[in-house]
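Visitor: Read off the chains here:
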Amino acid sequence: MNLRRFFLIAVPYLWLGALFLVPFVIVLKIALSDIALSIPPYTPQLDLSAGWEGVRSFFADLDFENFTFLTTDDLYWKAYLSSLQIALISTFVTLLVGYPMAYGMARAASEWRPTLLMLVILPFWTSFLIRIYAWMGILSNEGLLNQFLLWTGLISEPLTILNTNLAVYIGIVYAYLPFMILPIYAALEKMDDSLLEAAEDLGCSRVTAFWLVTIPLSKSGIIAGCFLVFIPAIGEFVIPSLLGGSGTLMIGKVLWEEFFSNRDWPVASAVAIILLLILIIPIILFQRNEQKQREAEG
Amino acid sequence: MKTSLLSFTAVLALTAAAAHAEEVRVYNWSDYIDESLLEKFEAETGIDLIYDVFDSNEVLETKMLAGGSGYDVVVPTGSFLQRQITAGAFQKLDPEQLPNLKNMWDVIQKRTAEFDPDNAYSINYMWGTTGMGVNLAKVQEALGEDAPIDSLDLVFKPENMKKLAACGVYFLDAPTEVIPAALKFIGEDPDSKDADVIAKTEPVLKAIRPYISKFNSSEYINALANGDICVAFGWSGDILQARDRAAEANNGVEIAFNAPKEGALMWFDQMAIPVDAPNPTGAHKFLNFIMDAQNMAAASNYVYYANGNKASQEFLNEDVIGDTAIYPDAAALDNLYTFSPYDPKLQRIVTRMWTGIKSGV
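So the sequences go chain by chain: G and Y. Count the first sequence with our numbering and you get residues 1 to 298, in order. Count the second sequence with our numbering and you get residues 1 to 361, in order.
Please note: incorrect hints may appear among the correct ones.
[Claimed, not checked] Only pairs whose alpha carbons sit at most 25 Å apart, straight line, appear in this in silico DMTMM-like list of lysine to aspartate or glutamate:
1) Y/K163 / G/E157
2) Y/K200 / G/D73
3) Y/K102 / Y/E42
4) Y/K345 / G/D63
5) G/K78 / Y/D52
6) Y/K206 / G/D74
7) Y/K63 / G/E157
8) Y/K138 / G/D73
9) Y/K193 / G/D63
10) Y/K40 / Y/D52
11) Y/K206 / G/D73
12) Y/K162 / G/D73
13) Y/K345 / G/D61
14) Y/K345 / G/E157
15) Y/K193 / G/E157
16) Y/K63 / G/D47
17) Y/K345 / G/E65
18) Y/K138 / G/E111
[To be verified] From the derived model, a few chain Y residues whose C-beta atoms are all more than 10 Å from chain G:
19) S56
20) E58
21) M64
22) S79
23) A120
24) A142
25) A293
26) Y327
27) P344
[What the hints assert, rightly or not] Over the 12 Å line for every Cβ pair with chain Y, so calculated as not near, a few chain G residues:
28) A60
29) F128
30) T208
31) T214
32) L242
33) G247
34) Q287
Because the hints were derived from the structure by calculation, they are not lab data. Glycine is no exception: its CB is placed at the ideal position from the N, C-alpha and C atoms.
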């Protein structure tokens, strides 16, 4: 029969089940539990030795208390909103910086392109953590940037950049730039140059042709790049904790505090699940929209 | 320092993989040991030592409560140790395997027994106080010759902090260190477990919050030594390490540590063996090695913290045993207070308040 096809379809589902669904159910289970001073620090534990009774009392002890708790304190909503804001702004800035770079790469002579591509990927050869530490050295009050600006005479007092939100934006834009450049480059590289010639023949200026032809044709790359930057940026923990100040409020840090400072795994899990819902809804909406468009075109 | 430690761990991990010999895994605070001691332990016992570091009790506690950390020796602070013992995270020590217990100092043993009755689960590694590290020149430039560098006024009075903000102030990111000090500053019991009394520190801390550039529990050593900041509210030995790094770098930065004269928090870092340690025998060997008088002295001489080992005192350098910032005299010792853990409900209130202070929400 169609065994081959069955296995081909089963692989991605197994992948999704093992790497997404199972961890999700575990986290959800913890989110419905209560904090306890034990190993692990929550209750109830599933006691299989008690048989069916054990399973029943286990499910009876689960509740949504932790989710209602999140609504009682405005800290969580403010942290979600602030993370959304930081992720949106840095995605936008990454696009502004990344698009011209991808465009330049796609327009470069073809023998140069592998080298340019290599240069974009090169930073990944160094640990992410070390690159963020390097930014601490660049942005600090006694750092390279301030020393350079003082030397040029542009400023007379060192600028405080490290430990502010500005440093977080710089860090995110820097760290995620390749994720923006690569999909846009892939889309632009495939583009047929004769389309631009046709547009110009039909009376478009070069700028109008760029807006009417190049941008729409690279739309898929732009959208993919934006998602690749936005999704990890919203839950980012390392960059705000190393470059950001104590005033930088992001959900990743709130999660850390619930988990480590309060030792409240159930509330931390509830925070994580809501973050996931916040991310999943726009992705589903986006995909539906894409599908509708395709159907309309088809 | 950190990178050298990391590479050192990596080398140890590699040799361990090559030899498949017996292993002991130790999880200790960052910048907290003379690394030559680690090599000495390996040479003496033939056991491979895997040495990892952390910089907050919270990280350690989460690993302990998750279980299966894989470590044989960990070093929680007293109040955290007490809670983890209740949770069943540690195993009782076997005195038979620890002949060097005779070296321990009864004065400290008595104090640590408040957290660990009969010292059944832990031995003292280091102890110290929490206080103010200052860059003398910069602080005197900001506040004048008679700057209150040995008083809580320095860091809790907004008018002082306002002047210090320009040269940079770091605070420990540990509510269990800062809130007791703030309580002391307003004349309340620093070990208070009354939510209303603790709430009184919120306006005090919020008033100075705008002048604090960062809450962090490890970066201040380098920041002080490099001259990036002029005041750190931190742990005694860390600040003294910063003093020495600055002196070694010869960069003109002069650092001083003072415990607040109003009374300082005294804390104890205790070595304990997790209940699920893979190699408890090796862990006992490591504890016994650390309790050796000369080894313990070498560690203290290196990190500038006092230890709970009486026998080690004759091997201590004069700038350690003779420094009252490290080994306070008897009168100053009476002025030190200790701190016991919060229950989960109060912990949540304190963490929430702390988040509010740090982020303004």
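Visitor: Each hint needs a verdict: does it hold in this structure or not?
Guide: Hints, verified against the model:
no. : hint            : result
1   : Y/K163 / G/E157 : holds (16 Å)
2   : Y/K200 / G/D73  : holds (20 Å)
3   : Y/K102 / Y/E42  : holds (23 Å)
4   : Y/K345 / G/D63  : holds (19 Å)
5   : G/K78 / Y/D52   : violated (36 Å)
6   : Y/K206 / G/D74  : holds (18 Å)
7   : Y/K63 / G/E157  : violated (44 Å)
8   : Y/K138 / G/D73  : violated (41 Å)
9   : Y/K193 / G/D63  : violated (29 Å)
10  : Y/K40 / Y/D52   : holds (17 Å)
11  : Y/K206 / G/D73  : holds (19 Å)
12  : Y/K162 / G/D73  : violated (31 Å)
13  : Y/K345 / G/D61  : holds (20 Å)
14  : Y/K345 / G/E157 : violated (46 Å)
15  : Y/K193 / G/E157 : violated (45 Å)
16  : Y/K63 / G/D47   : holds (23 Å)
17  : Y/K345 / G/E65  : holds (15 Å)
18  : Y/K138 / G/E111 : violated (56 Å)
19  : S56             : violated (7 Å)
20  : E58             : violated (4 Å)
21  : M64             : violated (8 Å)
22  : S79             : holds (13 Å)
23  : A120            : holds (19 Å)
24  : A142            : holds (15 Å)
25  : A293            : holds (35 Å)
26  : Y327            : holds (32 Å)
27  : P344            : violated (6 Å)
28  : A60             : holds (22 Å)
29  : F128            : holds (15 Å)
30  : T208            : holds (47 Å)
31  : T214            : holds (42 Å)
32  : L242            : violated (9 Å)
33  : G247            : violated (5 Å)
34  : Q287            : holds (34 Å)
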